[in-house]
Amino acid sequence: MKTSVQEIKDLTIGFQSQKGEQISILKNISTTINKGETVGIVGESGSGKSTLALAMMGYVKHGLFTISGQCMFHSNNLLEMENKELETIRGRKIAMIPQNAGQSLTPNLKIGYQIDEALKLHTDLKKEDRDKKISELLNKVRLPSPDTMAQRYPHELSGGQQQRVAVAMALAGSPELLLLDEPTTGLDVTTQAHVLELLNFIAKDTGTSMVYVSHDLGAIAQVSDRVIVMYSGEIVLDGPVRSILKNPIHPYTYGLLKSIPKLTLPGLPNSMSGSQPQPGSIKSGCSFYERCEFSDNNCKINSPTLEYIDDLNTSVRCFKHKELTNQNDLNSQTVKSIENKILKNEILDLSNVSISYAKQKFLEQLFNKIEDSNPTVKDIDININKGETLALVGESGSGKSTILKSIAGLLKTKDGIIKFEKDKVLSNDLKERDHSFLRAIQLIFQNPDESLNPNHTVEEIISQPLKLYFGLKGQELKDKIIEVLDKVRLGEFYLTRYPRQLSGGEKQRVAVARAFAAKPDIILCDEVTSALDVSVQAAVLNLLQELKEDFGTTYVFVSHDLAVVRAISDRVAVLYQGRLCEIGPSKNVYKFPSHPYTEVLLGAVLEPDPDVKPKLVAEDIVEEKPPENGCSFQGRCPRILGDICKNEVPPWQTSDNGNLIRCHIKIEDLKNQQSLN
Amino acid sequence: MFFLVIKRILLGFITLFIVSLITFVGVEILPGDACTTYLEREAYGAALEACYERLGLNVPAYERYISWAFGVLQGDFGYSLSGDMKINDVLGPRVKNSMVLASASILIGIPIALLLGIITALWRDKMPDIIISTIAIFSMTIPEFVSATLLILIVAIWLEWLPGIVIVPTGVSVYELLPNIILPVIAISMIMTAHMARMVRSSVIQVMASDYVQMAILKGVPYWKMVFKHVLPNALLPAINVVALTIAWLLGGVVVTEVVFNYPGLGRLVIESISNRDLPVVQALAIILASIYVSINLIADLMTLMLNPRLKSLQIKK
Numbered sequence: 000m001k002t003s004v005q006e007i008k009d010l011t012i013g014f015q016s017q018k019g020e021q022i023s024i025l026k027n028i029s030t031t032i033n034k035g036e037t038v039g040i041v042g043e044s045g046s047g048k049s050t051l052a053l054a055m056m057g058y059v060k061h062g063l064f065t066i067s068g069q070c071m072f073h074s075n076n077l078l079e080m081e082n083k084e085l086e087t088i089r090g091r092k093i094a095m096i097p098q099n100a101g102q103s104l105t106p107n108l109k110i111g112y113q114i115d116e117a118l119k120l121h122t123d124l125k126k127e128d129r130d131k132k133i134s135e136l137l138n139k140v141r142l143p144s145p146d147t148m149a150q151r152y153p154h155e156l157s158g159g160q161q162q163r164v165a166v167a168m169a170l171a172g173s174p175e176l177l178l179l180d181e182p183t184t185g186l187d188v189t190t191q192a193h194v195l196e197l198l199n200f201i202a203k204d205t206g207t208s209m210v211y212v213s214h215d216l217g218a219i220a221q222v223s224d225r226v227i228v229m230y231s232g233e234i235v236l237d238g239p240v241r242s243i244l245k246n247p248i249h250p251y252t253y254g255l256l257k258s259i260p261k262l263t264l265p266g267l268p269n270s271m272s273g274s275q276p277q278p279g280s281i282k283s284g285c286s287f288y289e290r291c292e293f294s295d296n297n298c299k300i301n302s303p304t305l306e307y308i309d310d311l312n313t314s315v316r317c318f319k320h321k322e323l324t325n326q327n328d329l330n331s332q333t334v335k336s337i338e339n340k341i342l343k344n345e346i347l348d349l350s351n352v353s354i355s356y357a358k359q360k361f362l363e364q365l366f367n368k369i370e371d372s373n374p375t376v377k378d379i380d381i382n383i384n385k386g387e388t389l390a391l392v393g394e395s396g397s398g399k400s401t402i403l404k405s406i407a408g409l410l411k412t413k414d415g416i417i418k419f420e421k422d423k424v425l426s427n428d429l430k431e432r433d434h435s436f437l438r439a440i441q442l443i444f445q446n447p448d449e450s451l452n453p454n455h456t457v458e459e460i461i462s463q464p465l466k467l468y469f470g471l472k473g474q475e476l477k478d479k480i481i482e483v484l485d486k487v488r489l490g491e492f493y494l495t496r497y498p499r500q501l502s503g504g505e506k507q508r509v510a511v512a513r514a515f516a517a518k519p520d521i522i523l524c525d526e527v528t529s530a531l532d533v534s535v536q537a538a539v540l541n542l543l544q545e546l547k548e549d550f551g552t553t554y555v556f557v558s559h560d561l562a563v564v565r566a567i568s569d570r571v572a573v574l575y576q577g578r579l580c581e582i583g584p585s586k587n588v589y590k591f592p593s594h595p596y597t598e599v600l601l602g603a604v605l606e607p608d609p610d611v612k613p614k615l616v617a618e619d620i621v622e623e624k625p626p627e628n629g630c631s632f633q634g635r636c637p638r639i640l641g642d643i644c645k646n647e648v649p650p651w652q653t654s655d656n657g658n659l660i661r662c663h664i665k666i667e668d669l670k671n672q673q674s675l676n
Numbered sequence: 000m001f002f003l004v005i006k007r008i009l010l011g012f013i014t015l016f017i018v019s020l021i022t023f024v025g026v027e028i029l030p031g032d033a034c035t036t037y038l039e040r041e042a043y044g045a046a047l048e049a050c051y052e053r054l055g056l057n058v059p060a061y062e063r064y065i066s067w068a069f070g071v072l073q074g075d076f077g078y079s080l081s082g083d084m085k086i087n088d089v090l091g092p093r094v095k096n097s098m099v100l101a102s103a104s105i106l107i108g109i110p111i112a113l114l115l116g117i118i119t120a121l122w123r124d125k126m127p128d129i130i131i132s133t134i135a136i137f138s139m140t141i142p143e144f145v146s147a148t149l150l151i152l153i154v155a156i157w158l159e160w161l162p163g164i165v166i167v168p169t170g171v172s173v174y175e176l177l178p179n180i181i182l183p184v185i186a187i188s189m190i191m192t193a194h195m196a197r198m199v200r201s202s203v204i205q206v207m208a209s210d211y212v213q214m215a216i217l218k219g220v221p222y223w224k225m226v227f228k229h230v231l232p233n234a235l236l237p238a239i240n241v242v243a244l245t246i247a248w249l250l251g252g253v254v255v256t257e258v259v260f261n262y263p264g265l266g267r268l269v270i271e272s273i274s275n276r277d278l279p280v281v282q283a284l285a286i287i288l289a290s291i292y293v294s295i296n297l298i299a300d301l302m303t304l305m306l307n308p309r310l311k312s313l314q315i316k317k
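Going down the list, the protein sequences come from chains C and S.
Numbering that gives the first Met the number 0 applies: residue 0 is where the first sequence begins, and numbers increase by one.
Numbering that gives the first Met the number 0 applies: residue 0 is where the second sequence begins, and numbers increase by one.
Since the hints were derived computationally from the structure, they do not count as laboratory data.
Any given hint might turn out to be false.
[What the hints assert, rightly or not] 25 Å max Cα-Cα, derived PhoX-like pairs, lysine-lysine: (1) Lys404(C) - Lys418(C); (2) Lys18(C) - Lys125(S); (3) Lys132(C) - Lys228(S); (4) Lys343(C) - Lys421(C); (5) Lys119(C) - Lys125(S); (6) Lys411(C) - Lys421(C); (7) Lys224(S) - Lys131(C); (8) Lys125(S) - Lys109(C); (9) Lys125(S) - Lys125(C).
Pulled out of the complex, with its shape left as it was, chain S reads as follows (with noise of 0.2 Å):
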């Protein structure tokens, strides 16, 4: 088990070094580079040799990069183009924002879907499932850019009950930011938890048709204890790797709705940086899109270890 576990984190460790290899190599061979972009038109002679003396390009790339990966080891990840600014101090009120909105997202989301899809499963082909499977059908075939636009169409421009867009600095309190998530979260967390309802609702019925559940219940088992105590266990361990790709995509679906909102998190930087061709800025996201990917998928994979009886014993066989 101990040994599992080093080695899964060991693995993860190889999957951000291939990732910062192929971020850095894919921003080295485009043409151009940061200066002649941040420079444009006066990019030439003087000003070219100082943009590159200033930003270090006038090493060779491998020494370039082993610094740039020791930068990131210690958690520099170095300076941005636009406004000369350390990305470490652009970075953090965004990936705080960000965590808010995504947190938020996954708290209200992950308990919705499993109560949804275990009534769904419950009361399988009755009222309930029908109505609930329906409306999870359609949310989840609308992309969220335009449930986010009706949102804003229904509830703050109908309605004004809530600000449509978010205008207030980047570096709010958390509190401050509150109100203003509300429709973000919804608009993220509708297809979401659509997605895992579905799936909890399947994991649920196949549990509840197999051998062991109809023993419990031919040996007398009260309904509830047998949906708490022999089905759920065994129908939600698949489902914890399913919700921990959920949450990576919900990093994906992030991006968009917050430029639809103008929320100032890390989706709305990824876009910016991108037009601006800030490719410091870029790399340090990859890197840190990347790692928050792995590690949720690490954290499944040790939950689902913990949590199977049958994997448990398994390694410690070996």
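Bound-form chain C, shown alone (with noise of 0.2 Å):
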């Protein structure tokens, strides 16, 4: 007989609209959170996962309100408890690890303090006992040093490490359940990948109770024994883990699925038309209906229940799940491969280049030099073809978004020679570029709530480029707005529309208008699917195949996420402290042999399957500067050979399938060594 750690009857959370109605973002929800489980609830943002973590432990956000329901830990109501009861049951009973550990903890108090704070207030034990505790918990969640680390402050640490301490401060009230809200979001694929590891220890070592939210299908399957999926504030799916992902019966889940880019599979991933309703938009029928591809007219009029599925020990809202079980489709998934025409000319080509942060001094000002032996990035040589997607990977820090800027004119390099179309070189200064040059590179940044300007409409953020570039004015002005638009599947209603009044997917479609409104010949994108959802993250990348086909565009793709680079690019370059490790067509940079730096990155890929685990073969430990001599990736390489690797900069060294790869390994031995694993 299982028991139960907590029982979340008929739940509804909603808001006041200024209407005055109400309006529902969680609908009824009922689940059970039993002992020594792991449950994980997946969604799209707004999807109300956040909230339902929060109402676990009873705390519900200003200005949102309980309409009905009970959230129930060991037969208490924790939604109709006082703060005073509450304060012994949180942290100490029920404890959370946030979103984002670096703006969850007080910036101005030590991180010792912060952890004693929640030993003080949860345990009995006296001063020197909480410290050795501290101590230990530091420990445990593997921060180096631990007795130094306590008296650091936040913002002295890195991202994985924050997370540690904020894995570290839920530990120590002992709970019964850790409630774990995206707390791998934000951080490098490896840290992630270790956090993941370490969260799994813990469950498995303390016995505790987790419930883990995340819109991460890889991360959800690395660590959850039960799946919840919620969409539009319902539970459409609740099941064992491995009949959730690999047998969905909810036509969401099983888009979700497809549309997520896997390693295995190269092509762009199917995606999922339309997004996630408002609150409160839908009165009637099913939530799903509009997206959905099984729907009928039953599923517009009525909207289905939970239904418990008795073979399959999974409860589903949906009335078409009959025709998805038997729907075993998942791995034959289909996707539409790539094939770019490349043209065999160069259309832009960096050689030797070296990009600096060092400020520059006052007499190195004077001569527009910059002295810095150690730059950020150093001694970049690569050359892209016309209508080639290349790809830049690497984790943060790697320097790929900083090559970008430099190609955009927006960063000086400190040395080499970006040269466009073969022998039309870019200069250095944004300023003394030829316009002709401005106008053939755009820009696609990673947030378009940031790069669209929130009180342009539409129609003027688009207008601008056609004005600047080619001077349109009046009708054949506002002709070509809608005929971009159009090209991005935007209709003409959407020109008066300002960014806020858009979704997510919308407004990246808006900035990938803007930046095709000036015919551009090379686009550089940073980043530009990370702060989407992945149903709108394929429909994007779908969006930019095709308009790469129609008007034979190039693309620079900068990303952290080797799946996403594995479905859309040609070729792939992979960075480490802003230095190349290797470079290749795509096709070959995911198979051995690969710099042992591409190993690691290939080991920590989450897949949404829970019997693939990660390879986790090196430390994350955070660089702050690259290493004065020899090789980038020195200080974390798990095959490192020695002083060789330490002195001298590695040899560029071609592999039989026509990779470049920089390092002291011979390419056989690397073979042989990646082979063994």
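Assembly of the complex is requested from the two constituent chains, each provided in isolation within its own frame, with the hints serving as guidance.
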């Protein structure tokens, strides 16, 4: 008999709209968390998953209120408790690990104090014992030198370390239930894999129940026993992890899984059309009706209820689940493989480029020179052919965005030359660049919220490049704007909208439209899909590919997500600490032999499959600066040879499938060593 | 950290130097000079020459600036026109009186502002907030010369509790001054307190909505402990600079209020010396007010630096 830790009964949470209507964010949620169980809650932004996790602690955000239902923790309803009582449960019985540890640690208090605070509140330990316990906890979450760590302020730690501190803080009260709200979102791939591994270890070690909230099916697959899928404030699917991820019987989960790019399947994944409905906009029928490929008229009129399917041990909210039960084609996923017409002439040539963030001293400013023996980005040699998609991959701090900025002219290079169309040298200084070069190279940013002016309508946003580069006016301008919008699948009625009236995917489409309005030869894409939900990401990737096929544009695509890169690029360049490690056709970079760093990155990728575990081959230490001499990866390399790696810059070697690998280890040896794992 | 302090102090001196240059040049290029103003219709011939001689105006402007600047550095502002008094003697008691007024307003205003700001933020959108915020907005919109006049009308004329205008000689002791400053202090601190309370309120609300406060609540930290440990230190840091600006602004408010109440302070001196065209005094006042402004902002910046661990360690790293 399983004992339950928390029982949620018919919970509805909502807010009062300006018209006085009650609008629900969570609708009739009922579920039980059992002892020792890890439950993953998946959903895209706006699905209500974080609201649910907070309600499990009896916390409802300012502006929201409980309309009906209960959150029962050991026969107490948390939502009706007084603050005084809640204080004895929060942190002691139920602890939270927040999404963004960097912002969740109080900036003016030392790490040690913040953990001590939790200990003081939730244990009876004396001062000396508490100090010992702090060291123990920091040790348990595998932070180096716990004693000095306790004396640091939050901003002095890296993102992964901050997340570990948050875990240590949550463990301080030895809680029965741990709530994790997107705990690895925003971390580097290798760090993410390490944190997940730590969480798995803690779950086993302490027997704590966990609720893991995330949009990332890959992470959910690694940690959960059971998965709850949420859509538009409702539970649509609830069952064991394998059944959910391998045989999803709800069309939303099915579509979601299909829209995730996978390392094993090159090509663009299918995208789901549309986006999640706004809270309160669905009055009757299934909330997924608009986007569902299996729906019929019944789904439009009647709302499905959560139905328990015995042989799958799964609850599903769908009339049509039987049609999906036998559709086991997830592995034979249809992807659109990309075929780019690559012309063999170079459109962009970076030779020996170095970029430094060092501050210029007064004299250097006078002579317009930068002295920096160890610049952030060094010795970048890449040439890009017309019509090609080249991806730059690496973790944060690898210099991939820095290189993009230099190509765009936003950042001065220290050394080296960037040439456009073979012979035209692009000036270091944006002001000296020819007008036609500015038009030819366009940039799409990561976050459309920040790159679109909130006070401009879509029409004004797209008219700007058209006015600037082509001098269009009046009706001609308007026609062109509509034509460009049409290319990114946005109708004419979007013209008068402001960015805040658009969904995340629509905003990014406007950003794409703005870039294409300039009729560019090269588009620089800086993490263009990382702020988007999975289903929207697939749509944007597909759109980018179609536009490219229509216009023959060249892409330089920066991303930290190896699977996304695998889906869209022809060639991949792997960067570590601003130095190139490996470059080659994407179908070969993902095969061994590869550079030890590429191997580390590939090992850390999380597949949405509970049976594929990440391989953690290197520590996730953060290096603040690239090493002065030798190989850039020497500090973390699992295959380091010795002094040669520390003193000499490794040579470029060509593997038999055409990859360039920069490593001291002979290609043959790399091949043998890597085929062993 | 040390270099930063030195750098900021040097910058402060440069600012003062520029202010002194501007006032000096401004006074120079005005038509007429101290002597023509002082002598009025008799400003010709021997009397004018004698005046020039006496005030040292017959040497080139730059020489006068240099000797004046050296004087100022040693704390000597020269002579005023009216009454041939040393400016130091004129300024001394006035500075003291204004200081009494300003510091009383600050000492009363800032704690009240902090308290009201915190209360309104913690009881956001509830009764205490609605009442206090309404009063604050109301008192912010009334200019101080109106509120000062109203205070005189109500408290001094109708109720006859306190003297309406200050009729004391300039050089009285602080003790004798005290009953006279009650109304001016209320008039000055009303707007200032309202401004600061609003600012503290929004700062506290912002911090209350932050992830780390949510985290502290979810950690089970008791409410008031959370407020004092997690909220206030982070909310009041940005308030320091606003308080400094408000104090600097208060210097201007003091001028108007002092005139309304006939208070013998710097503010009334400013008005008097401008209408008398007593230019050396105007110059001296400009320098004094500017240096108060500069030093208050310097202190605020240094306090922010010391209290913010993030800025502190950044400085050490560099």
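Within 25 Å, alpha carbon to alpha carbon, are lysine 343(C) and lysine 421(C)? The given pair, whose Cα atoms are some 12 Å apart, holds under the 25 Å limit.
Lysine 411(C) and lysine 421(C): Cα distance at most 25 Å? Holds: lysine 411(C) and lysine 421(C) sit about 20 Å apart, inside 25 Å.
Between lysine 119(C) and lysine 125(S), does the CA-CA distance stay at or below 25 Å? The hint is violated at about 32 Å.
Given the hint that lysine 125(S) pairs with lysine 125(C), test it: the Cα-Cα distance must not exceed 25 Å. violated, 40 Å
Run the distance test for lysine 125(S) versus lysine 109(C): straight-line Cα separation, threshold 25 Å. violated, 34 Å
Just to be careful, I want the Cα atoms of lysine 18(C) and lysine 125(S) compared with a cutoff of 25 Å; is the pair within it? With Cα atoms ~21 Å apart, lysine 18(C) and lysine 125(S) stay inside 25 Å; holds.
Hey, lysine 404(C) versus lysine 418(C), does the alpha-carbon distance stay inside 25 Å? Roughly 15 Å between the alpha carbons, so the hint for lysine 404(C) and lysine 418(C) holds.
Keeping to a limit of 25 Å between CA atoms, is the pair of lysine 132(C) and lysine 228(S) held or broken? With a Cα-Cα distance of about 22 Å, the restraint between lysine 132(C) and lysine 228(S) holds, given a limit of 25 Å.
Straight-line Cα separation of lysine 224(S) and lysine 131(C) no greater than 25 Å? holds, 24 Å
Checked against the numbered hints given earlier, the structure breaks hints 5, 8, 9 and satisfies all the rest.
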